[in-house]
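Peer 1: Next come the chains, spelled out residue by residue.
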Amino acid sequence: MWKIVQIELFKIFRKPRTFIAFAAVAAIVGLIQLGFFVDGESYIQFGMQALTDSFEVEGKILNGYLLAYIILQTLLVHVPLLIALVAGDMISGEANLGTLRLLASRPVSRSSLIIGKFIATCVYTIALLIWMAIWALFISMLIFGVDDMLIMKSEVVTQILREDVLWRYAAAFGFAALAMITVAALSFLLSLFAENSIGPIMATMSIVILFTILNTLNLPIFNAVKPLLFTSHMLGWKGFFDVSVNQANEQIVGSIENLPAVLRSAGILVLHIAGFLWITVFLFKRKDILS
Amino acid sequence: MNPVIEVRHLSKHFGALKAVQDLSFTVNQGDIFGFLGQNGAGKSTTIRMLLTLIRPTAGDIRVFGKSLAANRTEILEQTGAIIESPDLYPFLSGLANLKIFARLGGGVSSARQLHIVLEQVGLTSRSGDLVKTYSQGMKQRLGIAVALVRNPSLVILDEPTNGLDPQGIVEIRNLILRLNREEGKTFLVSSHLLSEVELIANRMLIIDRGRKIVEGEVRKLIDPEKVLLEIETVNAGLASEIMASSAWAGSQKPTAAGRLLLDVGRQDIPAIAALLTEKGAGLLSMKPVNSLEAYFLSLTNRPTYVEDRSN
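As you go down the protein sequences, you meet chains A and B in turn. Residue numbers are given in my numbering: position 233 of the first sequence equals residue 233, and the series is strictly consecutive. Residue numbers are given in my numbering: position 138 of the second sequence equals residue 138, and the series is strictly consecutive.
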């Protein structure tokens, strides 16, 4: 199995398309950072206007932690496309090249082949998120410095102490990895049915967009299925930035306001990953390879 | 003779299409087994079933005396193959491609083994170049190297000389013969180049529309005294009438307009030439078609299928 994973990783990182995603993340994050570096203070002052009218806010509000949060909110909606770019090519790309029949005629089981490919896809996904973390978090910290993190929501402002932030990002990126691996697993499954990667990439994005739209529609007919859609849980990483408060309304360092909800979302994503992978293995074992 | 491949009553249907029907044949140890058939005859479908790429609708395949379905991994460890065109990763070098397929399954092929195989197929000097820069012939050679890299005892080659220049064809033919003779490897070679099979195979199978036409030893099946004669004349209609009223009336085969195709004895050629000239048909050329090709055509033109004539 390890041998298959190594081979698949070697192939993934020798394809030019792999680096499109890394370049795109660096470019988008770089642009956001440039924008905030030039105009960030006025943007933040405008956004904080209601708060600063009533309270005196001290410290560096526009800091690396806040910017990373803004970037994550923006980017994690678009990253599925970058994930699908590689995951959707994992099987269909082999079929397109004609190498699938060579692979499937080697003395390795079809299950091992598929699981090895999926593990390699997961490694790629995690590598992309680490890359994103480096750019969005660590480089933002270098450029904008660090301080307490203020998160503005519609009715609430949450202040997280600077020493209480980094572990939350580690957990958030871990959760984001789970969400992106779910997208990868879906794209991977769809790539089984195609002989080039365009179809799986388009189908994955269509499903993500469709489910996201269903999530936003507040209609009773859809409300029953919403908790079952993986897209309903993809932004569960935000839960790590909701802090519990004590009776004196003071935040509890190291706390998560609704940990069970975060864990439930994570569990549903894991179930989706396992389900998509199981279906892929099941179908691939029975597939006639004609390409 | 130990059978290496035993196929019994193999069928594969794709919906209404019966790609392979009740096919049975045996490849013995040490054979160079020619697998012949026209395009769409079912050769590649059969080879795909031998390599577990597609599942048979019915029938049984045994390789090295074991059921293929139950011992897939063990059997494929001893089998090397190229299937149709040698498609490899264009964004990797030839050597990297070879290493990938060498590493998949079983032990690791040594650097020496990689070097030997590259030398055997004549690719040593270009092994570091990306496959996308290779010619079709070089890809074909690399495909053969992939088939041989794990030193298998059974090698299945689907159209191995496709895309090769005449020199390359001779080299690959000699390589197959040498590996068969010196290392005792068993080969199943499918080809549309009938002359190729005739030159290297000791046994052969011809299939048509998914069914076996004949199986047996090449030297027994092909009568060197028989020939399929292609005749070109100025007046093809007259030539056809002349032959229809001659002693060779029953030997005419269907062919393209303007030509005659006769299934005759080699010794009859001078008499036929004399007859056509004497009767004023305007003889332009007489060309004996390759003997195996003649055999193939004479069989596939038959309205009914024949049974196993081997042994």
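Hints are computed from structural coordinates only; laboratory data are not their basis. Misleading hints may appear alongside valid ones.
Dumping the calculated DSS-like pairs for lysine-lysine here, alpha-carbon to alpha-carbon at most 27 Å [as the list claims (entries may be wrong)]:
(1) A:LYS15 to B:LYS99
(2) A:LYS285 to B:LYS287
(3) B:LYS220 to B:LYS287
(4) B:LYS99 to A:LYS3
(5) A:LYS287 to B:LYS66
(6) A:LYS3 to A:LYS285
(7) A:LYS60 to A:LYS238
(8) B:LYS132 to A:LYS15
(9) A:LYS60 to A:LYS3
(10) B:LYS66 to A:LYS285
(11) A:LYS3 to A:LYS287
(12) A:LYS238 to A:LYS153
(13) A:LYS287 to B:LYS18
(14) B:LYS132 to A:LYS285
(15) A:LYS3 to B:LYS18
(16) B:LYS253 to B:LYS287
Peer 1: Run every hint past the structure and note whether it holds.
Peer 2: Verification of the supplied hints:
1. A:LYS15 to B:LYS99: Status holds; Cα separation ~17 Å.
2. A:LYS285 to B:LYS287: 51 Å, violated
3. B:LYS220 to B:LYS287: 24 Å, holds
4. B:LYS99 to A:LYS3: 12 Å, holds
5. A:LYS287 to B:LYS66: 23 Å, holds
6. A:LYS3 to A:LYS285: 20 Å, holds
7. A:LYS60 to A:LYS238: With Cα atoms ~22 Å apart, A:LYS60 and A:LYS238 stay inside 27 Å; holds.
8. B:LYS132 to A:LYS15: Holds - the C-alpha atoms of A:LYS15 and B:LYS132 are around 13 Å apart, at most 27 Å.
9. A:LYS60 to A:LYS3: Distance of about 49 Å is beyond 27 Å: violated.
10. B:LYS66 to A:LYS285: Measuring from Cα to Cα gives roughly 21 Å; hence the hint holds.
11. A:LYS3 to A:LYS287: Holds, because 23 Å separates the two Cα atoms, which is no more than 27 Å.
12. A:LYS238 to A:LYS153: 11 Å, holds
13. A:LYS287 to B:LYS18: Holds: A:LYS287 and B:LYS18 sit about 18 Å apart, inside 27 Å.
14. B:LYS132 to A:LYS285: The hint is violated at about 31 Å.
15. A:LYS3 to B:LYS18: Not OK: A:LYS3 and B:LYS18 at ~39 Å, beyond 27 Å, violated.
16. B:LYS253 to B:LYS287: Distance of about 14 Å is within 27 Å: holds.
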